[in-house]
Amino acid sequence: MAGARLTVLPPDVHPAARPSLEDYMDELAGGLPASRRARRAILAEVGDGLADTVEKHQAEGAAPEQAATAAIEEFGSPRALAAQFATELAGVTAHRVGLALICTGPVVGLVWLAAFIARGGGLGWRGELTAMLSAIPTYAIILALVVPAALVATAGAGTASRRLPVGPRLAAAAASFAAVGCMVGDVTLITGLIVSTLRGVDESWLAAVAVLFSSVRLTLAVLAARRCAALRAAAA
Amino acid sequence: MRAEVLKGHLDGLMLAALEHGPLHGYAVMEALRSSSNGTFDLPTGTIYPALHRLERAGLVAGSWSSSEGRRRRTYKLTSAGRKELATQRANWREFSAAMSAVLDGNTSWPAPA
Numbered sequence: 001m002a003g004a005r006l007t008v009l010p011p012d013v014h015p016a017a018r019p020s021l022e023d024y025m026d027e028l029a030g031g032l033p034a035s036r037r038a039r040r041a042i043l044a045e046v047g048d049g050l051a052d053t054v055e056k057h058q059a060e061g062a063a064p065e066q067a068a069t070a071a072i073e074e075f076g077s078p079r080a081l082a083a084q085f086a087t088e089l090a091g092v093t094a095h096r097v098g099l100a101l102i103c104t105g106p107v108v109g110l111v112w113l114a115a116f117i118a119r120g121g122g123l124g125w126r127g128e129l130t131a132m133l134s135a136i137p138t139y140a141i142i143l144a145l146v147v148p149a150a151l152v153a154t155a156g157a158g159t160a161s162r163r164l165p166v167g168p169r170l171a172a173a174a175a176s177f178a179a180v181g182c183m184v185g186d187v188t189l190i191t192g193l194i195v196s197t198l199r200g201v202d203e204s205w206l207a208a209v210a211v212l213f214s215s216v217r218l219t220l221a222v223l224a225a226r227r228c229a230a231l232r233a234a235a236a
Numbered sequence: 001m002r003a004e005v006l007k008g009h010l011d012g013l014m015l016a017a018l019e020h021g022p023l024h025g026y027a028v029m030e031a032l033r034s035s036s037n038g039t040f041d042l043p044t045g046t047i048y049p050a051l052h053r054l055e056r057a058g059l060v061a062g063s064w065s066s067s068e069g070r071r072r073r074t075y076k077l078t079s080a081g082r083k084e085l086a087t088q089r090a091n092w093r094e095f096s097a098a099m100s101a102v103l104d105g106n107t108s109w110p111a112p113a
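Chains as they are written, first to last, in the numbering used here: chain Y, 1 to 236; chain C, 1 to 113.
Isolated chain Y (complex conformation) (with noise of 0.2 Å):
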């Protein structure tokens, strides 16, 4: 793996079983496409576990290495291991996602509609609404695509998890459909504005809070689409 080394053993492991067990760590490590921090997590869990059955075998009498060989068997192979957290990454990540996704999306969808009623002086605002969602009818299917997609991430876990059958790796495809759906409307929404820009139009300083709130959260969503991907092709 590149980089500095995440491994997290306890302290008080022997030395002896620490080279084997770093190993293993690493490998784990190295099949986990989570962030720096769930990652750091998983290991330090895993670690103390390994420490814990390291210690067993030595109170049975087994030398160090032989105890951390031991402890390594008794965990299983770590791809397979890494693969297990890689699925229940993806459904938290996917819950979090489709979250995210909900709660957002009303706030950047106010500002824009804000943004077109400054631009319409506060008049006819409903015309120009209807004007943008004819003018770019991908916009509507989008959102009618979005929205259940982001629902159905959000039963990647919590209650929505034990009452939906969606398993972690449905919900992650759906969080990241929803996020590239999302990011399909952000470019919409922004590439209009800057033609309309073009075209002469006068734009308020909301248009302005729209992009930036669209350009935010169109990051977000690529960054978000990327992990959800990951995390499902990892998963078991």
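One or more hints might be untrue.
Simulated restraints, written as ranges between beta carbons of each label pair [as the list claims (entries may be wrong)]: (1) Y/VAL222 <-> C/ALA97: 49 to 57 Å; (2) Y/PRO19 <-> C/ASP104: 51 to 59 Å; (3) C/SER65 <-> Y/GLY30: 26 to 34 Å; (4) Y/PRO11 <-> C/ARG93: 45 to 53 Å; (5) C/GLU19 <-> Y/ASP26: 34 to 42 Å; (6) C/GLY8 <-> Y/THR188: 43 to 51 Å; (7) Y/CYS103 <-> C/SER66: 29 to 37 Å; (8) C/ASP41 <-> Y/ARG163: 27 to 35 Å; (9) C/GLY21 <-> Y/ARG36: 29 to 37 Å; (10) C/LEU103 <-> Y/CYS103: 49 to 57 Å; (11) Y/PRO15 <-> C/SER65: 20 to 28 Å.
Residues from chain C that keep clear of chain Y, each with C-beta distances beyond 12 Å, as calculated [what the hints assert, rightly or not]: (12) LYS76; (13) PRO110; (14) ALA111.
These are calculated hints, taken from the structure and not from any lab test.
Ideal Cβ positions, reconstructed from N, Cα and C, are used throughout, including at glycine.
Based on these hints, arrange chain C on the given structure of chain Y.
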């Protein structure tokens, strides 16, 4: 006992292990081993993702603590976890009673045609 045999029952077993108080992953595994007299001897690694699955579903809550230089994650049942355990217990009693009745021959079969 092989892990595949326990598939579908592992969540209930882990919830039962946590019923009497918070435990860390290795202690959950040891509780399963000792309370089953060594019958449930799963690969230790499987317990950790399984605990994460229960946490993802909101059935257990995990928290970090430190003692003697070790960071340790312990899990405790949530109220949803206690309800789920009660449901799984009731389902298992019904299932095992029906299985016993059939396998032990304590049932009256219809007369052969």
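Here is what the structure says about each hint:
Taken as a hint, the range 49 to 57 Å holds for the pair Y/VAL222 and C/ALA97, whose Cβ atoms sit roughly 55 Å apart. At about 53 Å, the beta-carbon gap between Y/PRO19 and C/ASP104 stays in the expected band of 51 to 59 Å. Checked against the hint of 26 to 34 Å, the pair C/SER65 and Y/GLY30 passes, with Cβ atoms roughly 28 Å apart. Under the hint 45 to 53 Å, the C-beta atoms of Y/PRO11 and C/ARG93, about 46 Å apart, fit the expected range.
Distance hint check for C/GLU19 and Y/ASP26: the Cβ-Cβ separation is about 36 Å, which falls inside the suggested range of 34 to 42 Å. A beta carbon spacing of about 46 Å between C/GLY8 and Y/THR188 agrees with the range 43 to 51 Å that was offered as a hint. The supplied range of 29 to 37 Å is met by Y/CYS103 and C/SER66, whose beta-carbon atoms lie about 34 Å from each other. For the pair C/ASP41 and Y/ARG163, the supplied restraint of 27 to 35 Å holds, since their beta-carbon distance comes to about 33 Å.
For the pair C/GLY21 and Y/ARG36, the supplied restraint of 29 to 37 Å holds, since their beta-carbon distance comes to about 32 Å. Roughly 53 Å separates the CB atoms of C/LEU103 and Y/CYS103, a value that falls within the hinted 49 to 57 Å. In this structure the hint that Y/PRO15 and C/SER65 lie 20 to 28 Å apart at CB holds, the actual value being about 26 Å. Every C-beta of chain Y lies more than 12 Å from that of C/LYS76, the closest at about 15 Å, which supports listing it as non-interface.
With a least CB separation of 36 Å from chain Y, C/PRO110 remains clear of the 12 Å interface cut-off, as annotated. Once the 12 Å rule is applied to beta carbons, C/ALA111 is consistent with being away from chain Y; the minimum gap is 42 Å.
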